[in-house]
Amino acid sequence: MNNVSIQHISKKYASIEALQDISLEIQPGELFGLIGPDGAGKTTLFRILTTLLLADSGSASVCGLDVVKDLREIRKRVGYMPGRFSLYQDLTVEENLQFFATVFNTTIEKNYDLVRDIYVQIEPFKHRRAGKLSGGMKQKLALSCALIHRPDVLFLDEPTTGVDPVSRVEFWDMLDRLKKQGITILVSTPYMDEASRCDRIALMRAGKCLSVDTPENIRRSFTRSLWAVQGAQMYPLLNVLRNYPEIYSCYAFGDAHHLTFRHQNVSDNEINALQEYLKTNGYTGVELRKIEPSVEDCFMAL
Amino acid sequence: MRLNTLRYLLEKEFKQIRRDRFLPKIIFIIPMMQLIILPFAANFEMHNINLSIVDNDHSVTSQQLTNKILSSGYFRLTDYSPHYNEAIKSIESNDADIILEFPQGFEKRLGREGTNELLIAANAVNGTKGGMGSSYLSSIVQNFNAEKGYYPADLVGVKVTATNLFNPHLNYKSYMVPGIMVFLLTIIAGFVPALNIVSEKEKGTIEQINVSPVPKSLFMLSKLIPFWVIGFFLLTIAVGIAWLIYGLIPVGSLGTIYLFAAVYMIGFTGLGLAISAISSTQQQAMFTTFFFLIIFALLSGLFTPISSMPEWAQNITLLNPIRYFVEAMRMIYLKGSHFSDIEGHFFMICFFAVLFNVLAVAGYRKTQ
Chain F
1 MNNVSIQHIS KKYASIEALQ DISLEIQPGE LFGLIGPDGA GKTTLFRILT
51 TLLLADSGSA SVCGLDVVKD LREIRKRVGY MPGRFSLYQD LTVEENLQFF
101 ATVFNTTIEK NYDLVRDIYV QIEPFKHRRA GKLSGGMKQK LALSCALIHR
151 PDVLFLDEPT TGVDPVSRVE FWDMLDRLKK QGITILVSTP YMDEASRCDR
201 IALMRAGKCL SVDTPENIRR SFTRSLWAVQ GAQMYPLLNV LRNYPEIYSC
251 YAFGDAHHLT FRHQNVSDNE INALQEYLKT NGYTGVELRK IEPSVEDCFM
301 AL
Chain C
1 MRLNTLRYLL EKEFKQIRRD RFLPKIIFII PMMQLIILPF AANFEMHNIN
51 LSIVDNDHSV TSQQLTNKIL SSGYFRLTDY SPHYNEAIKS IESNDADIIL
101 EFPQGFEKRL GREGTNELLI AANAVNGTKG GMGSSYLSSI VQNFNAEKGY
151 YPADLVGVKV TATNLFNPHL NYKSYMVPGI MVFLLTIIAG FVPALNIVSE
201 KEKGTIEQIN VSPVPKSLFM LSKLIPFWVI GFFLLTIAVG IAWLIYGLIP
251 VGSLGTIYLF AAVYMIGFTG LGLAISAISS TQQQAMFTTF FFLIIFALLS
301 GLFTPISSMP EWAQNITLLN PIRYFVEAMR MIYLKGSHFS DIEGHFFMIC
351 FFAVLFNVLA VAGYRKTQ
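Going line by line, the protein sequences match chains F and C.
Going by my numbering, the first residue of the first sequence is number 1, and it counts up by one from there.
Going by my numbering, the first residue of the second sequence is number 1, and it counts up by one from there.
Since the hints were derived computationally from the structure, they do not count as laboratory data.
Certain hints may be false.
According to the in silico footprint, chain C covers these stretches of chain F (three or more CB under 8 Å from chain C) [unchecked claim]:
{"id": "1", "stretch": "6–19"}
{"id": "2", "stretch": "96–103"}
{"id": "3", "stretch": "265–276"}
The calculated lysine-lysine pairs, modelled on DSSO-like cross-linking and capped at a C-alpha distance of 30 Å, are [unchecked claim]:
{"id": "4", "chain 1": "F", "residue 1": "K110", "chain 2": "C", "residue 2": "K12"}
{"id": "5", "chain 1": "F", "residue 1": "K12", "chain 2": "F", "residue 2": "K132"}
{"id": "6", "chain 1": "F", "residue 1": "K76", "chain 2": "C", "residue 2": "K201"}
Built from N, CA and C at the ideal position, the CB exists for glycine as well.
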């Protein structure tokens with residue numbers, strides 16, 4: 001059983017509540033995302049699950065093994081890729097992979113099929129020291145090293161932070177392929193747009209788990225109609241919109257403002273009224289269009 | 001499986017040490033420099049003491065004594081003043097360290113009464129130089145007295161002779177070199193591995209090891225063994241240098257030296273590990289290391305004799321492992337002491353080895 005089960009985990013650092021009563025069930029073979037901004041507690045949760053940190057209360061198990069009692073067994077069966085690149089910079093690509101294979105008492109040859117897709121991309125540089133690799137290549141090497149012992153569960157802590165958009169997409173494609181091999185994957189990310197690549201996600205903020213569901217269901221739970229507003233002078237426009245009594249919420253979202261109204265079903269009349277309001281405040285040519293909510297909108301609404 | 005993993009961990013350590021741009025140099029060059037330069041520089045024998053002579057007598061005897069003093073090799077005549085008041089100026093201007101004044105009628109009175117007085121005035125700003133200088137001077141004068149058959153009034157019939165046992169020429173280098181070897185081992189075994197472990201913490205690589213099935217103890221061992229090996233290697237080189245440059249061969253057994261070194265290094269790696277347990281950056285580790293190293297060094301008897309320390313400081317040195325090894329090393333090297341002579345030292349070093357390693361284990365338990 002490659003499942004991960006978390007029950008009422010809490011962890012405090014001095015006065016900061018890093019995790020508050022977190023409970024999650026991750027199914028075998030699932031690609032599960034922990035989504036949340038910095039300080040949400042994602043790394044702390046990973047460190048508890050990978051036996052690096054003890055929780056203050058609650059219990060957790062990985063592959064049916066308790067993270068406190070069976071830590072030795074768990075360490076054989078999980079792969080962990082920390083958020084910060086933490087391979088030996090003064091060893092070459094090949095030496096790093098070889099090293100981690102040996103540390104887990106296996107060989108590159110035995111599990112080569114699992115890492116091949118990823119490793120072939122960095123193999124041309126196998127005699128280069130890890131410290132001299134580019135960011136994307138470092139990340140591929142780190143993933144290879146985390147996989148070389150064929151773990152049952154893979155923990156990836158913000159693997160795409162600081163990686164260019166093209167490599168990010170590539171990285172998620174690699175995760176899809178790994179998922180097909182039956183590996184349970186837990187991945188954390190601050191990027192909401194990556195949430196849709198997960199089977200299920202947990203939205204986290206300030207140590208609390210706000211919502212757990214498939215990205216689809218989370219989007220569907222957004223019941224208000226969502227409107228995108230674009231115009232000149234975006235920042236003053238935001239304040240003007242917020243002053244409009246019928247507006248429920250309004251926040252900057254990329255190059256547009258997203259807003260919702262106080263009641264669920266918004267009629268054309270109300271939109272026209274808003275347009276009039278904006279015109280009287282000196283904002284002409286403001287474009288309003290109805291859009292589908294993204295995970296980030298759901299996160300903002302929570 | 002354990003052995004295989006350890007072998008691979010060691011292979012990785014040696015690779016990293018070799019590839020480090022700085023470490024191999026610091027490991028080999030600096031200790032060698034210490035051994036080659038320090039014994040010459042850290043020399044407490046006084047040469048070139050600047051002497052100012054005020055000769056109010058101008059007699060054959062005063063001339064003879066002056067010649068004897070200057071031919072001793074310790075003194076350099078930098079000033080010859082007709083008057084004490086002028087001589088004192090040369091001390092003020094730092095041209096002279098010591099004034100020797102012959103009183104008027106020195107020779108005459110000496111011949112008539114068999115006794116006389118000389119004035120020795122030393123600049124005590126540099127206490128060691130002043131003190132040693134005036135005592136050298138007095139002993140030369142005493143020698144002179146003996147040759148001429150004069151004795152100071154209160155010492156009639158008594159003659160003091162000193163023989164320097166084990167280091168007959170009072171060669172300061174023979175005394176320093178064995179002590180410096182101890183210092184080398186302290187740095188290599190105690191502090192370099194500690195910094196090495198902390199650097200893995202700093203870079204985050206230790207996280208990757210921690211999530212692997214490799215036990216922490218095995219990982220630590222892989223950090224320590226290379227430096228034990230390097231420590232023995234350096235000790236051997238040091239023994240070679242001592243022989244080649246200083247002609248110094250241990251009178252006692254090399255085996256005893258290596259046995260002491262082995263336990264000593266295990267002890268200091270324990271201290272290093274304890275430091276690495278409480279530090280999360282190399283900077284912190286460095287400062288903690290400095291704290292211990294300087295206190296241990298100054299209270300080890302390496303530079304200043306423990307017997308000349310105040311009693312409370314002497315008591316503190318009892319808690320200093322370096323002290324025991326420095327003493328033992330000197331006894332083996334110069335005196336040829338057998339293991340049975342320095343058993344006490346050996347047990348103290350064993351005691352510290354156990355103590356430091358218990359501290360290290362406790363430190364790591366707590367941080368987990």
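Hint check results:
1. 6–19: violated (count 0)
2. 96–103: As far as the stretch 96–103 of chain F goes, the hint holds, because 4 residues have Cβ atoms under 8 Å from chain C.
3. 265–276: violated (count 0)
4. F:K110 x C:K12: Measuring from Cα to Cα gives roughly 21 Å; hence the hint holds.
5. F:K12 x F:K132: violated (37 Å)
6. F:K76 x C:K201: Distance of about 21 Å is within 30 Å: holds.
When the structure is compared with the earlier hints, violations turn up for hints 1, 3, 5 and for no others.
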